[in-house]
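These protein sequences, in sequence, are chains A and B. Counting from 398, one number per residue, gives the positions in the first sequence under my numbering. Counting from 345, one number per residue, gives the positions in the second sequence under my numbering.
Calculated directly from the structure, the hints in this document are not laboratory data. Treat the hints with care, since some could be wrong.
[What the hints assert, rightly or not] According to the in silico footprint, chain B covers these stretches of chain A (three or more CB under 8 Å from chain B): (1) 447 to 459; (2) 463 to 472.
[Stated by the list, open to error] In silico PhoX-like pairs for lysine-lysine, Cα to Cα no more than 25 Å straight-line: (3) B:Lys559 / B:Lys429; (4) B:Lys439 / A:Lys558; (5) B:Lys382 / B:Lys675; (6) B:Lys508 / B:Lys439; (7) B:Lys429 / B:Lys439; (8) B:Lys559 / B:Lys705; (9) B:Lys700 / B:Lys559; (10) A:Lys421 / B:Lys675; (11) B:Lys429 / B:Lys382; (12) B:Lys439 / B:Lys382; (13) B:Lys425 / A:Lys558; (14) A:Lys421 / B:Lys705; (15) A:Lys525 / B:Lys382; (16) B:Lys675 / B:Lys650; (17) B:Lys439 / B:Lys425; (18) A:Lys558 / A:Lys483; (19) A:Lys525 / B:Lys429.
Positions of the beta carbon are idealized from the N, C-alpha and C atoms, including for glycine.
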Amino acid sequence: MSDLLFNFFAVFTVVCAVGVVVNKNAVNASMCLLLSLIGVAGLFALLEAYLLAFVLLLVYGGAVAALFLFIVMLLDMQGGKRPPFKRATLVASTVAAGLLAVGVLSLRPQAGQLPAPAEIPAIGASLKLYAYQLFTTYLLPVQIIGFLLLIAMLGVIVLSKKFEGVEDIK
Amino acid sequence: MFDFYFNLPFWLRSVLQGLAVIFVIFPLAGACSLAERKVSAWIQGRPGPNRAIPFWFAWVPVLGPLLQRLGVFHLMADGAKFLFKEEPVPGHVNKFYFILAPVIAMIPAFSTVTVVPFGAYFDPSHRLIPLALANVDIGILAIFAVSSLGVYSLILAGWASNSKYPFLGGVRASAQLISYELAMTLSVIPVFLWINAPDAPATLSLATVVEFQSKPGFWGGTWFIFAMPLSAIIFMISLFAETNRQPFDMPESEADLVGGFHTEYGAFKWSLFFVAEYSHMIVGSAVFTLLFLGGWNPLPWLSLAKFAELVHLVDQPLILGLVSIGIFLGKVVVLLFFFMWVRWTVPRFRYDQVMKLGWQKLLPLAIFNLIAYAIGIAVIQK
Numbered sequence: 398m399s400d401l402l403f404n405f406f407a408v409f410t411v412v413c414a415v416g417v418v419v420n421k422n423a424v425n426a427s428m429c430l431l432l433s434l435i436g437v438a439g440l441f442a443l444l445e446a447y448l449l450a451f452v453l454l455l456v457y458g459g460a461v462a463a464l465f466l467f468i469v470m471l472l473d474m475q476g477g478k479r480p481p482f483k484r485a486t487l488v489a490s491t492v493a494a495g496l497l498a499v500g501v502l503s504l505r506p507q508a509g510q511l512p513a514p515a516e517i518p519a520i521g522a523s524l525k526l527y528a529y530q531l532f533t534t535y536l537l538p539v540q541i542i543g544f545l546l547l548i549a550m551l552g553v554i555v556l557s558k559k560f561e562g563v564e565d566i567k
Numbered sequence: 345m346f347d348f349y350f351n352l353p354f355w356l357r358s359v360l361q362g363l364a365v366i367f368v369i370f371p372l373a374g375a376c377s378l379a380e381r382k383v384s385a386w387i388q389g390r391p392g393p394n395r396a397i398p399f400w401f402a403w404v405p406v407l408g409p410l411l412q413r414l415g416v417f418h419l420m421a422d423g424a425k426f427l428f429k430e431e432p433v434p435g436h437v438n439k440f441y442f443i444l445a446p447v448i449a450m451i452p453a454f455s456t457v458t459v460v461p462f463g464a465y466f467d468p469s470h471r472l473i474p475l476a477l478a479n480v481d482i483g484i485l486a487i488f489a490v491s492s493l494g495v496y497s498l499i500l501a502g503w504a505s506n507s508k509y510p511f512l513g514g515v516r517a518s519a520q521l522i523s524y525e526l527a528m529t530l531s532v533i534p535v536f537l538w539i540n541a542p543d544a545p546a547t548l549s550l551a552t553v554v555e556f557q558s559k560p561g562f563w564g565g566t567w568f569i570f571a572m573p574l575s576a577i578i579f580m581i582s583l584f585a586e587t588n589r590q591p592f593d594m595p596e597s598e599a600d601l602v603g604g605f606h607t608e609y610g611a612f613k614w615s616l617f618f619v620a621e622y623s624h625m626i627v628g629s630a631v632f633t634l635l636f637l638g639g640w641n642p643l644p645w646l647s648l649a650k651f652a653e654l655v656h657l658v659d660q661p662l663i664l665g666l667v668s669i670g671i672f673l674g675k676v677v678v679l680l681f682f683f684m685w686v687r688w689t690v691p692r693f694r695y696d697q698v699m700k701l702g703w704q705k706l707l708p709l710a711i712f713n714l715i716a717y718a719i720g721i722a723v724i725q726k
């Protein structure tokens, strides 16, 4: 039963993720993104990481993907014509694909190196353990990501607001 | 009787529980629509729906006219009307999303009900067992997560209708629902900070929140609405915004948007939006009852355990279960009445007022409330 569900959610997630890239209609693409996120949440739930599953749904499913849809509707984006590939695009995509391949290969299970599943601490399973890890082991990454988001937010404010005089900054 | 039920195969029990959700929430939401019409009539000093009656029921002496005046049969007439009306699908819509939107509206509305505990009884060793379809450990998070998906039905309905007013309604809905989610989530954190004491097991379960409001002693028996009034007020206001109730019903405000996101909908598809809105209200009121109004405890400082001892029901799990469900439903009904009362009393906000209230008033207030209670709880629990 669990294997069947895993196969279902894994295939579902990947198919929807491909749909995000392939779809020309932006609304279809963001709905595929939502379905893909739900698939990932299902995978987390199968791993008994219910907390992660629901946080993923709450933050990405309920807010981020909904905001994508909001922006798509507000700007009324249509499929439109795609500009032809430039050489720089080709080089960049080859490098990115190579990096992705190296990343996936480095995760390949090597005999004796990966710990048994039972030894991996189930951080996502318990609320208390998860919070404790966030505030101790992973404190620095959390702060860095928070800082990155802050920079992005400041950038949006600077770009979207027209500052002309000293009066506007107040 | 219990044994017979628990001996059924798992899939059959799941199907029965799913059907129970539909057959309880659907009529309850319908009853809410009737109550809404009656309450509005009462507030505005007019009789309200009081005509419809099947001709053979009019022959029943006292009961017939009484039910007629209460408008009970309008409920059935309305339901039948929605089913038998023509289902119009305008030619200019995106058909797939147009039909999908009301279906999506029903999913979060019905699936959040499953994790709401609605009563309790005592097992033979006098331990309190909460009644719920799924008593999960992350209750409140599950409700927030699944109900946050409800925004898609409004956005998609507005977008797929492919005309101006629904579109504006959809855009308003997405901005409003996401804005108030923040204040709502932050406002309940003090409650869970309090129940997750350093030595207690970590939980977000709603049943545990009720347990904490039914402890002996003065502070143990205090409902959280008295201990954390600011949280309760912020949660209530956000609840109004999240359920699209007046004064926050921007997505469908009839005065400026005709019907908002459901302008192009008719017949049964429209009624699905309607049922979804009322079931959101029911679930929202139930969560408010559990968090701040002591759940199934009859009165503040009078827990269900003490109440059961007073009326000698500790060893009657079936009767006590029904009594606790009755107490819980009573509180929910009072809150539903409050929703309607506000709707027919307070005028609708302007959209910029809604945004200003959410971001500039409620959110800072919720953050201040959280920090103040975090410090206070840390000092008390030390």
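Status of the hints after comparison with the structure:
{"no.": "1", "hint": "447 to 459", "in the structure": "holds (count 8)"}
{"no.": "2", "hint": "463 to 472", "in the structure": "holds (count 6)"}
{"no.": "3", "hint": "B:Lys559 / B:Lys429", "in the structure": "violated (53 Å)"}
{"no.": "4", "hint": "B:Lys439 / A:Lys558", "in the structure": "violated (38 Å)"}
{"no.": "5", "hint": "B:Lys382 / B:Lys675", "in the structure": "holds (19 Å)"}
{"no.": "6", "hint": "B:Lys508 / B:Lys439", "in the structure": "holds (17 Å)"}
{"no.": "7", "hint": "B:Lys429 / B:Lys439", "in the structure": "holds (19 Å)"}
{"no.": "8", "hint": "B:Lys559 / B:Lys705", "in the structure": "violated (34 Å)"}
{"no.": "9", "hint": "B:Lys700 / B:Lys559", "in the structure": "violated (40 Å)"}
{"no.": "10", "hint": "A:Lys421 / B:Lys675", "in the structure": "violated (50 Å)"}
{"no.": "11", "hint": "B:Lys429 / B:Lys382", "in the structure": "holds (24 Å)"}
{"no.": "12", "hint": "B:Lys439 / B:Lys382", "in the structure": "violated (36 Å)"}
{"no.": "13", "hint": "B:Lys425 / A:Lys558", "in the structure": "violated (51 Å)"}
{"no.": "14", "hint": "A:Lys421 / B:Lys705", "in the structure": "violated (40 Å)"}
{"no.": "15", "hint": "A:Lys525 / B:Lys382", "in the structure": "violated (48 Å)"}
{"no.": "16", "hint": "B:Lys675 / B:Lys650", "in the structure": "holds (19 Å)"}
{"no.": "17", "hint": "B:Lys439 / B:Lys425", "in the structure": "holds (23 Å)"}
{"no.": "18", "hint": "A:Lys558 / A:Lys483", "in the structure": "violated (32 Å)"}
{"no.": "19", "hint": "A:Lys525 / B:Lys429", "in the structure": "violated (53 Å)"}
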